[in-house]
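Colleague: Chains A, B, C and D are the protein sequences, given in the same order.
Here the first sequence is numbered in the numbering used here, starting from 1 and rising by one per residue.
Here the second sequence is numbered in the numbering used here, starting from 1 and rising by one per residue.
Here the third sequence is numbered in the numbering used here, starting from 1 and rising by one per residue.
Here the fourth sequence is numbered in the numbering used here, starting from 1 and rising by one per residue.
It cannot be assumed that every hint is accurate.
With a cut-off of at most 20 Å between alpha-carbon atoms, the simulated EDC-like pairs for lysine to aspartate or glutamate come out as follows [to be verified]:
hint : chain 1 : residue 1 : chain 2 : residue 2
1    : B       : K114      : D       : D209
2    : C       : K72       : A       : E77
3    : D       : K178      : B       : E28
4    : B       : K219      : C       : D328
5    : C       : K311      : A       : D317
6    : D       : K99       : B       : E172
7    : C       : K234      : A       : E717
8    : A       : K160      : A       : E510
Pulled from the structure, derived: some chain B residues nowhere near chain C, Cβ distances all over 10 Å [unchecked claim]:
hint : residue
9    : G122
10   : E140
11   : G229
These are calculated hints, taken from the structure and not from any lab test.
Idealized CB from N, CA, C, for every residue including glycine.
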Amino acid sequence: MADTKIAAYICRGCGLGERLSTGQLAKIAEKEGKAAIVREHDFLCSEAGVQLIRDDIEKQGATHVAIAACSRRAKTEAFHFPTVAVSRANLREGVIWCQPDTDAAREATQEMADDYVRMACDELKRMKVPAGNPDAARLRRLLVVGGGVSGMTAALEASKAGYAVTIVEKSGALGGWAAKLWKRTPAHEPFREPADTGVAALVAAVEADPNITVRLASVIARTSGAPGRFSVDIAAESGATATEAFGAIVQATGFTPYDAAKLPELGFGRSPNVVDQAGLEALARAAAAKGGPIRRPSDGGEVKTVVFVQCAGQRDDSGRHLPYCSGHCCATSIKQAMYFKDANPAVDTVVLYTDLRVPGNGEDFYRSGQSKGVVFSKGQVSAVEPSGDACTVRFRDLILDEDTAIENADLVVLATGQVPNAGVDIDQVPQDEPGQWRPDSRSVLNLAYRQGKDLPLLRHGFSDSHFICFPYETRRTGIYTAGPVRRPMDIAQAVEDATGAALKAIQAIENAAAGRAAHPRSGDLSFPIVRLEGCTQCKRCTVECPFGAIDEDEKRYPVFNESRCRRCGTCMGACPVRVIAFENYSVDTVGAQLKAVEIPDEFAEKPRILVLACENDAYPALDMAGMQRRVYSAFVRVIPVRCLGSVNTIWISDALNRGYDGVMLMGCKHGDDYQCHFVKGSELANYRMSKIDDTLKQMALETERVASYEVAITDIERLPRLIDEYAAKIGEIGLSPLKGFG
Amino acid sequence: MAKKEYAFYPGCTSHYRGSASNYLVSVESMCKTLDVKLTEIPDWNCCGASVSYAGSGELARHVINARNFALAERDLPGQDIVATCAACWLNARETKEQLGASAQLLADTNEALKEAGLQYRGESEVRHMVEVLIEDFGYEALGEKVVKPLEGVKFAGYVGCQTNRPFGIAGESFENPMYLDRLVETMGGEALTKYEQKVTCCGGALAVSEPEKSQKQIKDIVESAYDHGADMIVTPCPLCQANVEIYQADVNRKYGTKFNMPVTYYSQLMTVAYGGSAKEAALDGQIIRATKLEEIAAKPAKK
Amino acid sequence: MTPSVATSQTILVVGGGISGMTAALEAAECGKQVVLVEKSATLGGRTATLYRYFPKLCHPTCGLEINLRRIKASRNIRVMTLAEVTKIAGSRGGYTVTLKIAPRYVNANCTACGACAEAVSAEIPNPWDYGLGRMKAAYLPHTMAYPQRYVIDPAIVGTAEGEKAKAACRYGAIDLGMREETLELEAGAIVWATGWKPYDAAKIQPYGYGRFPNVITSVEFERLADPHGPTGGKLLRPSDGKEAKNVAFVQCAGSRDENHLRHCSRICCMASLKQTQYVREAFAEDARSTVYYIDIRAIDRFEDFYAKVRKDATVTFVKSKVARIAEDAATRDPILHGVDTEGYRRYANRHDLVVLAIGMEPSVKAADIPADVVADSSGFIDAGAESAVFGAGCATNALDVNRAVQSATAATLRAIQVVNRAARAEA
Amino acid sequence: MPGDAGMGDMADLNERALAKYRNDFLREVEERVDEGHWVKMCMQCGVCAGSCPFGPHWEHSPPKIFLMIRAGKREAVLTSDSMWMCTSCYNCVVRCPRKLPITTIMHGLATYAQRLGLAPKVQPTRDFSIIFWENFTRTGRANEMRLMLRLWFKEGFAAGVKKALSMRDLGLAMLRTKRMSPLEILGGHGVKDVKGFQAMIRKAKEIEDRRRGLSG
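With the sequences and hints as input, model every part of the structure.
Modeller: The following block contains the structure:
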């Protein structure tokens with residue numbers, strides 16, 4: 001790198017000048033950091049300070065800029081120099097704000113600052129400005145899988161934004177479940193009456209839209225590629241297969257009603273007069289077509305009493321049925337009860353529920369049901385007993401606290417809930433060997449991905465995502481779920497959801513075109529570069545990538561799909577031979593930093609503890625500890641990492657070999673309620689670190705010398721405590737015996 | 001200020017030698033000072049109170065209230081009806097609201113009223129005397145007439161139920177109405193604003209039929225007044241006044257307490273503060289004597 | 001008046017909470033130009049004041065950090081804080097929006113070093129703690145505040161305290177002469193994401209909020225649980241600082257009530273279930289949480305969390321709308337009166353602290369938005385207007401976070417449709 | 001009041017109601033009880049039950065009564081003395097999140113139970129209510145003196161004398177403070193147009209019975 005020219009800037013503002021010898025820092029930057037330009041400034045983030053840096057870049061040819069001032073999280077607008085590589089030495093939050101302002105502490109504080117300047121300079125030497133993804137492609141066409149309300153909405157909304165869409169629908173018609181409804185629950189004030197489903201209008205709009213192509217009676221036989229350049233085989237029932245290219249995919253494959261046949265105790269299958277909610281809709285449509293009231297299925301007799309059993313096969317803690325609540329069923333039963341009440345107020349309709357769940361304006365619909373005379377009873381149904389043309393519904397009245405029954409129910413409607421049509425659970429089915437890929441008829445997407453054919457699932461068969469803050473971010477970039485396949489929902493929510501998913505798909509296309517990363521490292525232009533010549537085909541990267549971005553070729557070499565990549569570096573952390581790197585983040589950039597730290601000899605009684613901190617939660621928490629002037633041990637040297645998943649064990653062994661006395665790894669919570677922004681990163685790191693004990697034993701080191709912590713961004717008070725406790729622990733077990741050998 | 005005129009609906013307890021005759025006397029004294037002319041609705045009838053439902057459904061009860069409106073509309077046109085009794089006011093107002101909301105009910109009512117040669121038009125408003133004081137005068141104006149501030153006297157303001165719910169005084173809360181306290185303060189007395197039994201039910205009409213249950217309520221109401229250091233209770237409701245005063249002896253017998261807490265009307269306070277005599281304030285109507293008020297009434301005016 | 005910025009290709013996002021930030025980011029990451037305006041001094045909104053989210057019990061600031069980093073990384077978003085929309089003129093595809101910008105008294109020079117706060121002794125109630133705690137009158141709203149820039153409270157401007165703050169700043173960042181400004185900008189479409197506010201608990205008179213110190217709201221309880229809140233994360237009750245081990249959670253405080261809010265506020269049941277776990281976290285087996293409810297509305301996957309809490313022996317459920325809260329005068333313990341409707345058992349339960357699961361109402365009533373939007377009777381924005389002013393998040397309905405994000409993402413596409421059409425027309 | 005139904009009529013009314021409504025007690029209440037159409041709007045939150053000052057004395061609290069109505073427990077509701085516990089304090093009404101006029105409904109249920117002859121025979125508030133109604137409809141105004149005497153003597157002459165003696169102190173105090181007049185026994189005050197007043201009430205009852213299907 002002949003043309004590397006490092007410029008280092010030491011800020012004296014915010015007390016740095018008073019607390020530190022900035023002259024010494026400048027000298028270190030110059031002598032050890034090999035900075036060609038070194039400048040001190042009283043107020044570096046000021047317009048004048050920033051102009052100084054800009055001038056050095058433009059006029060002096062600085063290619064690499066080290067800024068020794070505040071945290072990389074602060075003053076980001078000021079220190080934005082996109083044309084050069086930039087590193088930040090965190091002297092403010094990371095040194096003077098977390099160290100006491102005392103004479104006794106002065107030396108250790110200065111040493112900290114010295115090291116951070118060394119680290120910033122040495123990191124820089126191994127950094128390049130990311131050139132952007134060479135794999136960029138932009139196909140402004142979306143694939144929508146599923147032609148129900150969600151799918152049609154996604155298609156129409158994307159089309160309105162100027163994108164072409166193909167809808168692939170398995171059945172012979174558009175409309176999905178909503179088309180089978182007689183009416184829907186109202187979505188607008190006054191929330192009193194069942195409303196038209198609107199499906200016919202949606203279908204008409206889709207059919208009239210020249211931007212939308214509909215392929216009915218078709219399924220996806222194969223999906224390969226990446227955002228911006230998906231290649232999809234669409235197989236028609238007729239046997240014909242067409243291959244089309246898309247920029248992004250919306251999966252709106254909806255739900256299947258839970259199989260009521262699993263509920264014989266509730267009478268299903270034992271009498272035609274016991275139906276599920278879908279069955280009641282069919283009765284209502286049939287009745288409407290004939291222009292008469294809904295009749296009793298068994299004999300066509302008059303319906304005088306209808307009982308609605310809520311939570312049938314749902315909210316079940318026995319493990320036999322669905323454990324979750326489908327959310328829409330209470331309102332649906334109210335709507336269905338109105339079918340009867342609106343036609344004939346003399347029909348008795350009773351809804352048996354345990355919690356009536358009609359959030360938001362659903363409360364108005366509930367009131368409307370009550371005012372129409374629908375009776376609501378808090379009751380736990382124990383049995384539905386058909387006998388002739390009538391059923392007896394036995395239940396515990398939870399309010400009157402007694403076992404009771406409704407005799408002579410002409411119709412019993414079971415609210416059975418939604419089961420997502422999510423395809424195959426890739427964690428449960430074996431994966432095809434490279435070169436042996438075959439489509440699976442149970443799969444929705446038939447992804448030709450190394451890690452499996454459908455989207456990874458979270459719980460209960462719904463697609464995995466950070467479902468609170470970032471509900472759309474699936475683990476397959478460019479493929480977004482919408483509607484009840486994402487979580488149980490009603491039509492109104494599915495419409496919102498599909499509109500949002502369409503946006504995410506459009507965004508994926510735009511990101512791919514620009515070679516940018518998607519959430520959470522949005523806009524990141526770096527991407528993993530692999531030196532295949534060093535690769536041992538161990539498959540760790542292809543297996544561990546949380547986003548399924550890496551495929552394998554037939555020789556089992558990894559094939560990176562940059563626009564599927566989220567830039568977490570888990571592959572880099574996994575690679576035993578260290579052939580994967582980003583231009584601005586690599587085994588070398590971190591390795592250089594930890595090696596830049598001066599390790600005092602064993603007589604100095606100054607331990608050194610390396611902290612590898614996740615930049616998403618742990619590092620901000622440390623920053624905020626500094627902002628609150630919380631003091632922690634001056635023996636730590638903190639290096640932020642993209643994700644704990646990117647931590648390569650070589651860093652640990654390098655650090656210990658160099659004489660560090662301990663290594664702390666700080667990452668996010670993993671497990672069921674994981675908080676890792678890269679889903680699996682912290683979990684994988686935890687797994688890798690569980691294996692590190694052997695390495696330590698080989699090095700004749702105590703196992704305590706490497707410690708992992710689950711840390712949250714709010715641990716502002718806890719982190720300094722953890723650090724101090726760990727430093728004390730190191731004090732107990734003594735300094736590393738490896739000092740001076742590194 | 002010009003004389004204010006109202007159609008007066010005194011109710012069955014407020015007449016001469018009725019159980020709330022002291023209320024009537026003190027209201028008349030108070031109104032004299034305020035230059036208010038109350039003209040009794042000629043031939044007014046009972047409102048049905050709150051415990052007449054065994055005798056009839058709601059229509060008959062609306063009809064008897066509508067009769068009073070009809071009389072006032074005919075004989076005292078243009079005047080608001082003013083009631084001093086909580087139940088009278090509540091029942092009249094309930095009827096007014098219901099008849100206003102239902103054309104059917106209005107027609108039925110008028111069909112019945114025709115038997116008495118009357119018609120309800122819904123032109124008159126019915127108001128509680130307290131509303132008149134607060135809305136037509138205001139605390140400031142009421143305060144200007146004070147010549148004997150009730151200094152050093154601590155009052156537990158017991159609002160009770162029916163002047164408070166379901167309609168209440170505009171702008172006041174159901175759980176913690178403040179107007180009585182403000183009236184007390186306006187008269188120069190000390191209001192025990194934290195008195196927490198101010199809206200507790202005294203049992204109402206059931207003090208007669210369910211004495212034990214009601215007296216438990218009354219005990220709480222009086223006890224808390226003592227806890228807060230009250231010299232007396234003040235109330236706007238004749239039934240509250242009667243129940244809380246009369247049954248203290250029974251409560252004492254039952255619970256071994258030694259209650260002797262005077263229970264007065266706001267109008268008695270105001271009469272005294274306005275310089276009226278004990279007789280004008282009808283303090284001679286107290287079964288438990290309101291000594292502190294009597295003392296002030298006996299003193300010469302300050303201004 | 002300051003001259004116009006932005007163009008008809010710009011999307012204006014009003015409100016810098018989770019919905020507004022989401023809308024701004026999703027649009028910006030599609031390549032659109034965005035102006036994000038926020039009334040307070042920082043982005044983050046209501047969720048930034050929550051301790052944890054249900055059902056994962058993760059921390060809202062975790063997602064906030066990511067969103068702030070995305071904002072810092074984006075060149076397409078212009079953030080304006082202390083800014084309020086006062087007028088919207090024009091129509092779909094071509095709006096001129098007038099903003100009123102309140103003075104911060106601190107300019108871009110601020111390094112967030114904190115010297116001004118150190119110099120000032122005047123304190124004000126901390127609005128991010130709902131006034132439960134106090135803070136310096138020169139302040140950074142909270143540690144996650146963005147922009148990371150101090151604010152001088154108007155209360156000390158023109159006083160010696162204000163001068164002290166100014167004198168303490170070595171970077172010329174404090175400008176006490178700042179005035180309210182008016183600014184006009186162009187926008188093709190507007191996403192309205194002004195969020196929600198807690199219903200005024202004092203209006204629910206039988207519960208004694210405001211009269212009894214140990215009756216607080218659910219949003220206030222979040223601040224007690226938060227390590228950065230007024231009690232440093234300890235569950236101490238306001239009257240005497242005693243540990244609140246026995247806590248009552250009162251559902252439908254304002255919601256589902258025609259005397260208050262007609263709608264169900266959707267989040268309150270889950271928020272209370274979550275908060276029972278704060279009590280457990282603090283006091284282990286000594287914790288006592290009682291949830292008084294009408295229906296537990298833990299829909300979809302939230303049911304898992306409800307099932308988990310039901311198994312927690314420290315949590316009791318009582319199906320009852322609490323009738324009245326009284327206070328024991330000696331101990332200031334709140335005493336809840338009501339009837340458990342499952343069997344109609346009467347109770348008078350003493351607790352250390354009562355948390356009212358307070359209902360949601362829109363921060364800005366839809367009728368008060370200076371644009372063509374359809375208002376529902378609760379003040380939320382309903383769909384259906386002809387304009388390109390799109391409601392997002394809790395401005396449209398009582399929503400939890402994931403539904404708010406969903407709503408904001410959908411609103412963003414609607415806005416993009418408008419500006420893309422404008423772009424195609426101009427091309 | 002003259003013209004009121006006797007016991008036989010009552011039983012007859014009850015039989016006819018049973019025949020007409022069969023198991024649908026809710027509809028019966030909706031059609032025949034004051035504000036009965038509100039009953040279905042209750043959502044069983046229980047706030048009314050918890051707000052009632054006499055709550056502990058109700059065998060069935062208001063929401064339970066509403067639920068029993070829906071569950072068709074006709075006899076248990078109408079023979080209950082619960083509704084007669086209402087003090088008309090309106091606490092429940094102002095707190096009800098569904099704005100049910102609970103006080104009026106309770107009074108209405110009591111009215112209806114009384115009308116059908118199902119109300120408990122020994123119920124002091126029921127007795128008081130009947131006596132009060134008769135008292136004030138006789139002259140158009142309530143006569144407190146006569147009311148007291150009626151109440152004291154309702155269980156016979158001896159019991160009345162005893163009661164009067166026990167209340168002697170109070171009575172003397174009321175006389176002393178001029179809040180009671182013995183002259184009231186002799187007729188006392190009343191409206192001038194008693195005839196019109198009574199005719200009007202008769203008419204009202206007749207209309208209401210017609211509307212509710214209770215007449216003849």
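Colleague: Broken hints, numbered, in rising order?
Modeller: The structure breaks none of the hints.
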